[in-house]
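**Student:** Each chain is listed here by its residues.
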Amino acid sequence: MQKTVFSLGAVRVDVALPPLRRAGDRTSTLHQRRERDSSGSPYIYTKSLAPRRTYPLRLVLSANELDLLRAFFRDTVGGVRRAFTWTDHQGTERQVRLVKSARRHQQEKPGRFVMDIDLEECP
Amino acid sequence: MGLSFFTQAATLSLRRAPLRPTVTDEIIQPEARSAGGVRFGFDVYAHEEIIALNWQGLSTAELAALLAFVENTLDFMGESFSLGEPLMTYDGHIFLTDDAAGAQEDFCPRDDANYRLADPTIAHRESAPGRHTAILTLMRD
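Line by line, the protein sequences are chains A and B.
With this note's numbering, letter number 60 in the first sequence gets 60, and the count goes up by one each step, no holes.
With this note's numbering, letter number 138 in the second sequence gets 138, and the count goes up by one each step, no holes.
Calculated from the structure, these hints are not laboratory results.
There's no promise every hint is true.
Stated by the list, open to error - Chain A is nowhere near these chain B residues, computed Cβ spacing over 10 angstroms in every case:
#1 15
#2 16
#3 22
#4 29
#5 41
#6 47
#7 55
#8 119
#9 120
#10 123
#11 141
Claimed, not checked - Derived Cβ-Cβ restraints for the label pairs, each shown as a range:
#12 A:42 to B:61: 55 to 63 angstroms
#13 A:64 to B:38: 34 to 42 angstroms
#14 B:61 to A:7: 25 to 33 angstroms
#15 B:47 to A:20: 52 to 60 angstroms
#16 B:128 to A:91: 30 to 38 angstroms
Said to hold, decoys possible - Derived, one-sided and incomplete: chain B residues facing chain A with beta-carbon distance under 8 angstroms:
#17 20
#18 23
#19 24
#20 25
#21 27
#22 42
#23 43
#24 71
A virtual CB, placed ideally from N, CA and C, is assigned to each residue, including glycine.
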């Protein structure tokens with residue numbers, strides 16, 4: 001049975017249930033600025049050729065998975081400090097970072113929690 | 001079933017418990033993005049756990065008591081407090097309390113630590129005549 005796996009070095013956290021927002025929900029952004037020149041025409045600065053891909057995930061977790069994942073993001077990954085490997089339920093591996101330093105979770109029902117995270121694929 | 005706030009000077013008890021709280025793990029650390037779009041995250045400076053408590057259906061009197069307690073006793077973020085309710089036990093993730101029928105139900109995903117308001121704001125509105133919603137954000141002291 002496939003799982004969602006987060007890992008960095010020897011530390012690995014398995015999540016049994018598939019996320020509610022799946023890996024197919026993705027945004028792509030190119031890091032560039034739009035200004036206007038002195039005649040008022042648009043002028044686009046392209047500073048990066050690699051689109052930034054962001055995956056919003058809503059994970060469904062047991063209490064044990066919640067504990068392990070909170071510790072993984074806080075202590076092993078260090079918030080946005082380090083990149084880590086995310087293997088989705090389809091078995092696709094990606095090197096990613098957290099987009100934000102904050103992660104929110106809520107208890108959905110006894111023993112079941114949901115956590116929202118945004119992952120950014122490393123170029 | 002309800003929620004009590006305890007300080008050294010005073011106690012506020014609300015008959016109505018908030019909804020299941022939302023917890024945010026917040027890491028304080030600098031981060032930046034280069035002009036080329038490469039992200040840099042620096043070492044973790046501190047952690048904070050922000051807990052949002054959301055009450056629905058508070059009576060006008062209970063809302064007034066909550067506002068007065070936060071403004072006058074807590075001085076907003078000025079004083080820490082603990083949370084509690086009789087017969088409450090902690091199972092490592094959530095508080096458990098007995099409802100009126102004696103059944104055990106979950107309450108709040110934290111231990112009995114000291115808390116402080118994380119934001120000197122109470123958001124509240126009248127959702128129906130005489131009924132109010134209110135949101136408080138707390139952090140562990």
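**Student:** Could you run down the list of hints and mark each one as holding or not?
**Tutor:** Here's how the hints hold up against the structure:
Separation of residue 15 (chain B) from chain A is adequate, the least Cβ-Cβ distance of about 22 angstroms exceeding the 10 angstroms criterion. Interface exclusion of residue 16 (chain B) from chain A stands, the closest Cβ pair being 18 angstroms apart, more than 10 angstroms. The claim that residue 22 (chain B) is not at the interface with chain A is violated, since a C-beta of that chain comes within 10 angstroms of its own (minimum 5 angstroms). Against the 10 angstroms criterion, residue 29 (chain B) falls within the reach of chain A, whose nearest CB is about 5 angstroms from its own CB.
Against the 10 angstroms criterion, residue 41 (chain B) falls within the reach of chain A, whose nearest CB is about 3 angstroms from its own CB. Interface exclusion of residue 47 (chain B) from chain A breaks down, the closest Cβ pair being 6 angstroms apart, not more than 10 angstroms. Listed as outside the interface, residue 55 (chain B) is consistent with that label: its C-beta sits roughly 16 angstroms from the nearest C-beta of chain A, beyond the 10 angstroms cut-off. Distance check on residue 119 (chain B): its Cβ is at least 14 angstroms (rounded) from any Cβ of chain A, clearing the 10 angstroms threshold; non-interface status holds.
Here residue 120 (chain B) stays apart from chain A, with its beta-carbon at least about 19 angstroms from theirs, past the 10 angstroms limit. Distance check on residue 123 (chain B): its Cβ is at least 17 angstroms (rounded) from any Cβ of chain A, clearing the 10 angstroms threshold; non-interface status holds. The claim that residue 141 (chain B) is not at the interface with chain A holds, since no C-beta of that chain comes within 10 angstroms of its own (minimum 19 angstroms). The hinted range of 55 to 63 angstroms is satisfied by residue 42 (chain A) and residue 61 (chain B), whose Cβ atoms lie roughly 58 angstroms apart.
In this structure the supplied range 34 to 42 angstroms holds for residue 64 (chain A) paired with residue 38 (chain B), their Cβ-Cβ distance being about 35 angstroms. Hint check: residue 61 (chain B) to residue 7 (chain A), Cβ distance near 53 angstroms, so the stated range 25 to 33 angstroms is violated. Between residue 47 (chain B) and residue 20 (chain A), the C-beta spacing of about 26 angstroms breaks the proposed range 52 to 60 angstroms. Distance hint check: the CB atoms of residue 128 (chain B) and residue 91 (chain A) are about 50 angstroms apart, inconsistent with the given range 30 to 38 angstroms.
A cut of 8 angstroms between beta carbons decides the hint on residue 20 (chain B): the least distance to chain A is about 5 angstroms, and the hint holds. Among the interface hints, the one on residue 23 (chain B) holds; its C-beta lies about 6 angstroms from the nearest C-beta in chain A, closer than the 8 angstroms criterion. The restraint placing residue 24 (chain B) at the interface with chain A holds, with a minimum CB-CB distance near 5 angstroms, inside the 8 angstroms limit. Below 8 angstroms, beta-carbon pairs count as interface contacts, and residue 25 (chain B) has one with chain A at about 5 angstroms; its hint therefore holds.
Below 8 angstroms, beta-carbon pairs count as interface contacts, and residue 27 (chain B) has one with chain A at about 4 angstroms; its hint therefore holds. Taking 8 angstroms as the C-beta contact cut-off toward chain A, the hint placing residue 42 (chain B) at the interface holds, the least distance being around 7 angstroms. The beta carbon of residue 43 (chain B) comes within 6 angstroms of a beta carbon in chain A, closer than 8 angstroms, and the hint placing it at the interface holds. The beta carbon of residue 71 (chain B) comes no nearer than 27 angstroms to any beta carbon in chain A, farther than 8 angstroms, and the hint placing it at the interface is violated.
Hints 3, 4, 5, 6, 14, 15, 16 and 24, counting from the list given before, are not met by this structure.
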